[in-house]
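Got two chains here, separate frames each, mind docking them using the hints?
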Amino acid sequence: MRSSSVAITGLGCLCAPGNNLGECMVSLFKGDREPAPPLRFTSSHSGSYPVFEVPDDLASLNHKGISDISLTARLALAAAHEAVGDAGLDREWLRSKRVGICMGTTVGSAMNNEAFYRQYCRDEEPDMAPITRFLHSNPASVLAREFDLTGPCQTVVNACSSGTDAVGLGAFWIQSGLCDIVLAGGADELCHVTYNGFISLMITDDLPCKPFDRERKGLNLGEGAAVLVLESEECRRNRKKQARAFVLGYGASCDAYHLTAPHPQGKGLRRAIEEAMELSGSAASDLAFINAHGTGTKDNDRVEAQVLNDLFPGIPFLSTKGYTGHTLGAAGAIEAAFTVACLEEGRVPKNAGFATPDPDLPASPVQSGMAVKETVALSESLAFGGHNAVLVIGIERGLL
Amino acid sequence: MRLSIQGVGVVGGFGCGVEALNHALANRESRTQSVSVKTAQGMRQMPAFLADTSKIEDFVNKKALRRVDHYSKLALLGAYLALEDAGQLEADRQRMGMIIATGYGASRTTFAFLDSFKEDGDKFSSPTHFSNSVHNAAVANVSMLLGITGPGLTVSQFEISVSSALFTVRNWLKEGRVDSVLFGAIDEYCDVLGYCWHRFFGEQEDAGQGMNPLSFNLQSAVPGEGAAFFLLTREENGGQSPYGFIEAVEMGRCGKEKLEVPEEVMLIIGADGHKKCGSYYKRYVPEIAPTVCYTPIYGSLPVGSAFDLAIAALSIKNKKVFPSPKNGCDKPGIKIVSNEQALGNRSICCLKIGGGGEWGKMTLAPFPLTRP
Numbered sequence: 001m002r003s004s005s006v007a008i009t010g011l012g013c014l015c016a017p018g019n020n021l022g023e024c025m026v027s028l029f030k031g032d033r034e035p036a037p038p039l040r041f042t043s044s045h046s047g048s049y050p051v052f053e054v055p056d057d058l059a060s061l062n063h064k065g066i067s068d069i070s071l072t073a074r075l076a077l078a079a080a081h082e083a084v085g086d087a088g089l090d091r092e093w094l095r096s097k098r099v100g101i102c103m104g105t106t107v108g109s110a111m112n113n114e115a116f117y118r119q120y121c122r123d124e125e126p127d128m129a130p131i132t133r134f135l136h137s138n139p140a141s142v143l144a145r146e147f148d149l150t151g152p153c154q155t156v157v158n159a160c161s162s163g164t165d166a167v168g169l170g171a172f173w174i175q176s177g178l179c180d181i182v183l184a185g186g187a188d189e190l191c192h193v194t195y196n197g198f199i200s201l202m203i204t205d206d207l208p209c210k211p212f213d214r215e216r217k218g219l220n221l222g223e224g225a226a227v228l229v230l231e232s233e234e235c236r237r238n239r240k241k242q243a244r245a246f247v248l249g250y251g252a253s254c255d256a257y258h259l260t261a262p263h264p265q266g267k268g269l270r271r272a273i274e275e276a277m278e279l280s281g282s283a284a285s286d287l288a289f290i291n292a293h294g295t296g297t298k299d300n301d302r303v304e305a306q307v308l309n310d311l312f313p314g315i316p317f318l319s320t321k322g323y324t325g326h327t328l329g330a331a332g333a334i335e336a337a338f339t340v341a342c343l344e345e346g347r348v349p350k351n352a353g354f355a356t357p358d359p360d361l362p363a364s365p366v367q368s369g370m371a372v373k374e375t376v377a378l379s380e381s382l383a384f385g386g387h388n389a390v391l392v393i394g395i396e397r398g399l400l
Numbered sequence: 401m402r403l404s405i406q407g408v409g410v411v412g413g414f415g416c417g418v419e420a421l422n423h424a425l426a427n428r429e430s431r432t433q434s435v436s437v438k439t440a441q442g443m444r445q446m447p448a449f450l451a452d453t454s455k456i457e458d459f460v461n462k463k464a465l466r467r468v469d470h471y472s473k474l475a476l477l478g479a480y481l482a483l484e485d486a487g488q489l490e491a492d493r494q495r496m497g498m499i500i501a502t503g504y505g506a507s508r509t510t511f512a513f514l515d516s517f518k519e520d521g522d523k524f525s526s527p528t529h530f531s532n533s534v535h536n537a538a539v540a541n542v543s544m545l546l547g548i549t550g551p552g553l554t555v556s557q558f559e560i561s562v563s564s565a566l567f568t569v570r571n572w573l574k575e576g577r578v579d580s581v582l583f584g585a586i587d588e589y590c591d592v593l594g595y596c597w598h599r600f601f602g603e604q605e606d607a608g609q610g611m612n613p614l615s616f617n618l619q620s621a622v623p624g625e626g627a628a629f630f631l632l633t634r635e636e637n638g639g640q641s642p643y644g645f646i647e648a649v650e651m652g653r654c655g656k657e658k659l660e661v662p663e664e665v666m667l668i669i670g671a672d673g674h675k676k677c678g679s680y681y682k683r684y685v686p687e688i689a690p691t692v693c694y695t696p697i698y699g700s701l702p703v704g705s706a707f708d709l710a711i712a713a714l715s716i717k718n719k720k721v722f723p724s725p726k727n728g729c730d731k732p733g734i735k736i737v738s739n740e741q742a743l744g745n746r747s748i749c750c751l752k753i754g755g756g757g758e759w760g761k762m763t764l765a766p767f768p769l770t771r772p
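Chains V and B supply the protein sequences, listed in that same order.
Just so you know, the first sequence maps onto residues 1 to 400 in the working numbering.
Just so you know, the second sequence maps onto residues 401 to 772 in the working numbering.
So here's chain B without its partners, still in its complex pose (with noise of 0.2 Å):
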């Protein structure tokens, strides 16, 4: 069964909404902020790719976001986005699911948690912040806010978490469990976050020189935060979409099955300058297909491949093919797509591979099933 996608609604380091997606897809650039770093040697700056949520409150009032965090207000700027682009927001929603995938959740309050008792001790826990700490309390608030009163569900796969929980959003549509689902990605950043990356890749000498994810065997990850959401229905119910059709989601692991992507499919590929997963993208992705890498566009973050299925959607609906923002690709035979193109009759297929060699793959259709 095919999903339609009926809106879709993205905050990230590139700007609010699918028009600054655009945009920034049109210029092949996106601006970093700089953010400061704790390290042994003192504090230090380094570039991430940030989401700025104050556009939440043209739909949600200030007092109601009181004790709305950080990650739970992405969570609400992509969902409404999302019902906007869908012209659905003020759809009933007891027959709507909602469906979030997420790689490290809420870690701003889940360290503000820890702060409120690691000085003072144990009986100055912040009951706020824990409740808000745990994964699906993007969820929640949405759900409460919304009055989305079908399943809801919150997957952590790292990587992979995307296609994971794009997974359940096509068999509770295939079930009929619910008729539309809003399904939505979200990491944010935190100082933390940012500590251990500098720790984990800011002593090699070749970070901190900006993305250049198609050299597979460079560090060059930016990290990046923001949330990517879409209302997604059964296509016999969509009918038309302007974003196109969900076909396909696929997982597997790098040497235990063939990763295969067809020849006529224009590819994006996931790969966000880490060098670990580089190699595996160096390895298995085909020589055969068109190819684009939009992650300096967002930057690098577990649940990146849902902006590439918001891209993806965008070149369905604008009928062309976005430029890769970096060129050079160390590994030869890819066709990396270095001028826009039309996309035609093909489909774009999404590739996602983790660190651990595991992988997610989600592939889009422009055309109905019955073709026009």
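Chain V extracted, bound-state conformation (with noise of 0.2 Å):
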């Protein structure tokens, strides 16, 4: 590994497919996926809108002192801590050294509680409960809280690219020794206000989604978190720690082309993706594979095909999101965790929902799981404002 790549010793992850890393993984490479109408508010939309959701009685979510907290803010102390313990640190210890904790999401930062302001708009007295809850539940500030830390603090706020902005982010808080360590992911709750918003921009499949189906008609939503622990080579060395992983590089680009759409040649794309590659000093033939945003979006996909089968031709893409749903500001996350495991495990699952080719598309995803032996991989996501942000992740093989 290059001496600016960044050590990964910890991932916790909890979305639809599992409450954990290890069962999330189990079911991709199982090929489950289970949406369904959301349970957790209704809709007086005509149809149904499958989701991917995270039960709401899970323990990790419901442990004592957080019920004063958003799910949001629930779901990235799961996944803290999950992570926390994967990379096998001491609360004690870790307030020791210096911690900073850069954490993406969009539901997380959004004051829009529903029932608090229908009953504003009704000029009754609401109960001030949501808000003081809102207040309460940034996402970085209660990791910080949880833990303890004191380190720099930071809650990305960037739509759909927030949490491989995160982790990139957190990297070079890593890489310029302004952190020992960085607990760095993204979480978002399923909410019926986005589930509103994405339906009503007619990009959300009646379906389960079927990223980069000649057939595909949209996104499906989805929830959860996931938190890298980022660590420096001096405290990995010190306490003896291997690495899962390495960040290699971070790439990063606005569009400036139109606020949901992204750019149709996928300009800054090409751009974030190229900036993450000469970071990590990779080549295509590096590459095992590539994470695709793959949401399910007639220009999402048109456009992430096209740039991937230019710039890397022949190398397996695959989305997830046929397994988890778009979680937003967590997906970026989540993916990345994903990515880590896949690359240990030396293959990759099959792209959910896909089973026909778009004449439209130059390429077409991982039709069945297969085996990999590459060990560097791109996990890539592109959000609402035209952000685009690309993660490239690496593992040593022979240490595994």
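A hint or two may mislead.
[Claimed, not checked] Below 30 Å or equal to it, Euclidean Cα-Cα: the simulated BS3-like pairs (lysine-lysine) are: (1) V:Lys241 with B:Lys574; (2) V:Lys267 with B:Lys719; (3) B:Lys574 with B:Lys761.
Hints were generated in silico from the structure; no laboratory data involved.
In structure tokens, the structure reads:
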């Protein structure tokens, strides 16, 4: 690994496929997916749009003392505890280090409690608890409080690329010597407001989503969280901790084109990929696979397939959103965790939902689970506002 | 690595542009407007520092602004003013990044989106309101209108949003990811925030008497809104900077780390009339440094420290310390600057402490590293 690479020594992940990263990967490789109409809220839309929900009654989301924070924050906490445990970090020891927190979210930063607002509009005197809860639920601050940390604290709200950006930004905090350890990731809960928003944009599929398929009609929403423990080489060596993987590069750009649609030629995405690849010192031939954004919308998948085919012809690519739904601010972090796990296992799952190649797309995703032998992969996110963010992640095969 | 401040653009209750801010600082006051707030006893009037964004039409034609909401207009106006101030309106922006800090994001549009479906049903949800309600809509709108194709980032960390975002500005410039960063902070007032404000603070007996932020035991906050933008470069690229240089950005939490302020600096504190935050200032503001507090100029808003940063930059440009709008302080020993004085060689430290005890500190130096 290059001297600028940043070790990932712990992972935590929670979303519809599983309550931890191990469970998620078992589901992905089995090809399981069970999107269903939302249980947490009702909708007056004439049709039903399936979502990927995390059960509300999970023990990891409901442990003592966290009932007064949002579900987004509880998802973040659950993923962080798994990641910190996976990294073998002791809380007391953590407090003695320079530890930063960089978390992505969208819903977790929005003051949009519907029940409160409806009561407000009806001139009733709503309970202020939802507002207080919102004010106490900033994901990065919640983790800082939970682990009693005082280092840099940042909640990234870059819409759907937030999780990828948070990992990339956190990696630089390590590279530049600002932190010994960074907890980086993303978290988002499913809610009626975003559900309505995506349906209003007519980019939601009323069936399980079909990324890159000819018949794709849009995305399914999901929820979840993932946290990566990023660690400096000095810190890792001192405690003789083996890295699970490394963040090798991060690239980001703005399309400066449209609020909700990607640049038709993927100009910004190309730039972000090229920047991440250059920083990583990797070549296209080093890539085992690409974890694409692959939402299942017409525009996203067309642009992404074109760019990936131009830059990395023949490199397998897949979207894992067919298993998780689009988890918005958590997506980039969840997909980074999946990318590490796939590199470790030396295989990738099939692109769930893909059945029929689209003649308008120059390339098709992975159609059945396959083995990969290279040690580097790309994980990319495209977001509302024209944000593009790309991570290059690698493992040292000999160490596994 | 230090950051060079190339341009400043501000809009808030004090008016639009650095001259308006200069004027308010010189007069030691800024006028509030009256907003109507829903209460259990009917509508009530409450003061607020509101920002007028009509000047944006000097830069962008009306047609292009048709679907742009108040939050993004604040961003656009701040961005154009900062670029104009830096003489960079026509510059190439391929290697420019953009970072925005916000506490609450596009709150008016967030609730407008809820309005679109709350009465008539989900199928009437407005896609325009939804896509403009995300916090990063401002970065998107500014990058589209100004052609900024470097990385974009929006940070939301309540009162520490500004320090946290500025931390990443510095990192991007340090790692050479960009050559310049258009950095801004925005928060907007809306009726629901006013309602929450009234519910949380309005019934307290000492509320509504005007801002008196140095009386730390008093709840005297008046809500504000606005935008403060800066064009920032690495010091070596900027050479001389009329507004000085940002030399340090720090974050921490009261009680965990020592909150140190060097004796020789000017200290700008972001106390904004909230009792809970005031208790932290009372406890942690050191008594050694001459201190000023400018929140009565722009009001109380999560990203208020961006206005302190702008005022610090203006102080450096004008080589003087503007007097504190209010002088009375209920912590004995704090040296409040009550008359205009020369800045001299002093650095300026802007300190913001949030309601949870988290703090952000930004230090500006008047001189380049190699002093002339």
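The hints, checked one at a time:
no. : hint                   : verdict
1   : V:Lys241 with B:Lys574 : holds, 29 Å
2   : V:Lys267 with B:Lys719 : violated, 45 Å
3   : B:Lys574 with B:Lys761 : holds, 19 Å
Checked against the numbered hints listed earlier, the structure breaks hint 2 alone; every other hint is satisfied.
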